[in-house]
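Peer 1: Sequence:
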Amino acid sequence: MVCNYREDIYTMSELLLKQSDVDLIKIKDYCKNPKPSGYRSLHVVISIPVFLVNSKTTVPVEIQFRSIAMDTWASLEHELKYKNKGALTEDIQKQLTQCAKTLSDVDEQMERIRASGFLMNCTKNGEIPEIIFAGLKIGELNEKESCENIRSKGL
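Numbering (my numbering), first residue to last: 1007 to 1161.
Watch out, some of these pointers could steer you wrong.
Distance condition first, Cα-Cα at most 27 Å in a straight line; then the derived DSS-like pairs of lysine-lysine [to be verified]: (1) Lys1062 x Lys1032; (2) Lys1034 x Lys1107; (3) Lys1087 x Lys1038.
Distance windows between CB atoms, simulated [claimed, not checked]: (4) Leu1058 x Ala1121: 29 to 37 Å; (5) Leu1082 x Val1056: 14 to 22 Å; (6) Leu1021 x Asp1097: 38 to 46 Å.
Note that these hints are calculated values from the structure, not bench results.
Every residue gets a Cβ at the ideal spot worked out from N, C-alpha and C, and that includes glycine.
Assemble the whole structure, with the sequences as input and the hints as a guide.
Peer 2: So, in structure tokens, the structure goes:
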């Protein structure tokens, strides 16, 4: 699943895991703990029901949650490895690792831009508009905090 922002990755995975017919098997968080190559993604392995003609069975499924930037890197890195039969020079591997870091920085910057864009949308009377931000309904954060209070927290 490709999400616009890193924080959406966790929001979407939490929503998935709240489903009554979904059981968590394991989580591998390569967003918080990237692989040495620079690979980032949240892997969630779940068990889901599959309904057959006369029965029901459960099947393990792995879902990979990524931001757009993470998915770009993973797709291109995979293509390079596939075309080179898995063999990449040390120089190319270093460049890919640097690209992963750069794209991670882009993810962070986009989240800051998103947050500052939200702040610009505060209404004239200082009320927080009812929008979804970082997986929370802003109007419910703390009984209608004012835009100034949100700004002072550095969002």
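Peer 1: Take the hints in turn and mark each one as holding or not.
Peer 2: Each hint, compared with the structure:
Under the criterion of a C-alpha separation no larger than 27 Å, the hint pairing lysine 1062 with lysine 1032 is consistent with the structure, at around 22 Å. For a cut-off of 27 Å, the pair hint linking lysine 1034 to lysine 1107 stands: about 19 Å separates their Cα positions. Restraint check for lysine 1087 and lysine 1038: the C-alpha separation of about 24 Å stays at or below 27 Å, so the hint holds. Range check, leucine 1058 to alanine 1121: Cβ separation about 47 Å, and the 29 to 37 Å hint is violated.
Checked against the hint of 14 to 22 Å, the C-beta distance between leucine 1082 and valine 1056 comes to roughly 33 Å, which is inconsistent with it. With their beta carbons about 41 Å apart, leucine 1021 and aspartate 1097 fall inside the hinted range of 38 to 46 Å.
The structure is inconsistent with the numbered hints 4, 5, although it conforms to all the rest.
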